[in-house]
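Asks: Residues per chain are reported as follows:
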Amino acid sequence: MNMELLDFAYFASYSIMIYSSVLWFSVFLANRKRMWENPSVKYTPSVTFLVPAHNEENLIDRCLESIENLDYPKDKIKVIVIDDGSTDSTGSVASRFGVKLIEQKHKGKAAAVNNALKHVKTELVACLDADSVLDKTYLKKIVTHMKNKNVAAATPSLKVSHKNSLMRDIQYMEYLYMIFLRRLFNFFDCQYVIPGPGGIYKTEYLKKVGGLDEKNLTEDMEVAFRLIDNGYKIENSIDAYVHTEAPKTLKGLFRQRIRWYRGYLQNVFKYSHMISNGKFGNLGIFLLPINFVWMIIIGFMFFALLFTNGANLLSSFVDWSYIHYSIFTPNNLVDVMSVGLYSYFTIVFAILGFLNINLSLKYSGEKWRVKENLKMYFGYLFIYPLLIAAFWIVSIFQEIFKVERKWLHEN
Amino acid sequence: MVARKLKFEIYLISGAITAGILFLGIFFGVTVSKSKVDNLQSELDKLKMSQEDLNLEFVLIATSRNQTCNLISYELDKVIDNAAQLGERVSLYETSEKIKDDRFSFLKDDYTITLIRYWFFLDRMKTECNRTNFVTVLYFYSNDKCDDCNKQGLVLNVIKQTYQQDVMIFAIDSDSRLNVVDLLKKTYQVETVPSLVVDGKKYDGLVSVEELKSVLCEKLKKC
Chain E
1 MNMELLDFAY
11 FASYSIMIYS
21 SVLWFSVFLA
31 NRKRMWENPS
41 VKYTPSVTFL
51 VPAHNEENLI
61 DRCLESIENL
71 DYPKDKIKVI
81 VIDDGSTDST
91 GSVASRFGVK
101 LIEQKHKGKA
111 AAVNNALKHV
121 KTELVACLDA
131 DSVLDKTYLK
141 KIVTHMKNKN
151 VAAATPSLKV
161 SHKNSLMRDI
171 QYMEYLYMIF
181 LRRLFNFFDC
191 QYVIPGPGGI
201 YKTEYLKKVG
211 GLDEKNLTED
221 MEVAFRLIDN
231 GYKIENSIDA
241 YVHTEAPKTL
251 KGLFRQRIRW
261 YRGYLQNVFK
271 YSHMISNGKF
281 GNLGIFLLPI
291 NFVWMIIIGF
301 MFFALLFTNG
311 ANLLSSFVDW
321 SYIHYSIFTP
331 NNLVDVMSVG
341 LYSYFTIVFA
351 ILGFLNINLS
361 LKYSGEKWRV
371 KENLKMYFGY
381 LFIYPLLIAA
391 FWIVSIFQEI
401 FKVERKWLHE
411 N
Chain H
1 MVARKLKFEI
11 YLISGAITAG
21 ILFLGIFFGV
31 TVSKSKVDNL
41 QSELDKLKMS
51 QEDLNLEFVL
61 IATSRNQTCN
71 LISYELDKVI
81 DNAAQLGERV
91 SLYETSEKIK
101 DDRFSFLKDD
111 YTITLIRYWF
121 FLDRMKTECN
131 RTNFVTVLYF
141 YSNDKCDDCN
151 KQGLVLNVIK
161 QTYQQDVMIF
171 AIDSDSRLNV
181 VDLLKKTYQV
191 ETVPSLVVDG
201 KKYDGLVSVE
211 ELKSVLCEKL
221 KKC
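Here the protein sequences line up with chains E and H, keeping their order.
Numbering of the first sequence is given in my numbering, commencing with residue 1 and proceeding in unit increments.
Numbering of the second sequence is given in my numbering, commencing with residue 1 and proceeding in unit increments.
Fair warning: there could be bad hints in the mix.
[To be verified] 30 Å max Cα-Cα, derived BS3-like pairs, lysine-lysine:
(1) K76(E) with K149(E)
(2) K222(H) with K202(E)
(3) K147(E) with K163(E)
(4) K202(H) with K33(E)
(5) K5(H) with K147(E)
(6) K362(E) with K202(H)
(7) K5(H) with K34(H)
(8) K251(E) with K207(E)
Since the hints were derived computationally from the structure, they do not count as laboratory data.
Computed from a prediction, not measured in an experiment: that's the story for all the values here.
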């Protein structure tokens, strides 16, 4: 590859990355006083929680207990557990809590929600995964966003329940960043996901648009797109916390992300009329188009890294003696001569990386714990981007070559 | 139904800030690049001064040849070490600097000429003073599409570590537009990179540490 072309591509990619960071930072600065704000309205609507469960006998009691413990008028809360073809005692564990129990053949989460939606008579309906746990104040905070008649849904802030593997450490940090970013998306009016655990809807609107799409890989994204397409708004409460389980292993994470990212691609094509359409606000004219640019940048960076460093690495392995020479003979590579334009970019990205973690921690109610969480910060800054790049590339290839989507549903 | 209204201010402001950050980066890059060339230039000036000095010594005592050989007490090996180090830095600038300073190509030519002059001095000393305690190596390399050049560079580093002042290495960019480089290449029939000319004898392609060591052992009469 022509070296100058490569440099130009890097420069262009860096420019777009910096622009994107600056834009989100500007959105943050413009709204920094409102970050924690929940509308101060007197509004205590009735809510039904839908909890689809497939073989969750070990976890569902924690989930239902957290609903019981909510700081909210008890008579305004109803719970429906949908036993999605469990072969364990999920149903009997759930019935101990005095909830309405619906049984169905194993058809997946979206089908379970749609099935239960018919029985919902309350003003609002919230979806929950059986492995997730609500904060005591979750409902009180999130419903304040639902009073406005244009609002169809509100998103909570998700946190990872357990940090007991490197993958979970990385996701823990990622989720904190998502809390911050989701709030910025909210201010910029371009949230396009209503997370499965803890997303809350106006029952009437959800029924009107036809419930969840049972054939979609990411039904919680599809429904967001559909609500936006129908002219509704989606809000976010930054301190309505839901604690959820994250995949523990790389393999589990891989499966989950392929489903998410292929789901994104599927939905973007389904709602392609939104792309660069001013009617859909910043989502149409900025976020959806820039996400395509992101995919190109991710692909370019990943392969450029692979080809420039990979080739050297490979040839070193073939002639192992040269590794020996390069390690054991001192050279003067650390020299003023190696300082240059790229050093500047390195500093810029180091600052952005620090700001990213710092603001994510601040707005998710966490603190820097450098000693305990060093692995988490490093994993998030250096391993996470590579993983995400790899997942995106695999997802795009699978979508292009139309690899069967079915297996992803069985997650 | 919400009618979504677009505000473009934030996009424009962000664009302006981004342009500012990029502009600052380019300004930083250009400044650093300039100061690097200044730094290389001052090193090169020192090297050239030593050469002038040496040149003058040759002229002054040219009348008595035997004396010349003994009187040249100049610490040539150190100067040549410095020249080699400067060469590495020139090369590093050339391969890694994204914003090249205009003066660089002249500086590089100047460096190459200075280097060849030193090599010429040493060659003269070998023949005229009958010195056999060191070997000169001309190393022709290229920064462009030469995978083996990195390895050859590592090999020469190892050799230099082992033999110290007994081996004088002169790395010359084979792509140089200088006539004298062309002349040297023609003289020794250098057609590929990497190529080594050890005391006037040419070796094509990558020469390993073992091969080079055996050649040097023979020339230096010691290992």
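Asks: Name the hints, by number, that the structure is in violation of.
Replies: 2, 3, 4, 6, 7 and 8
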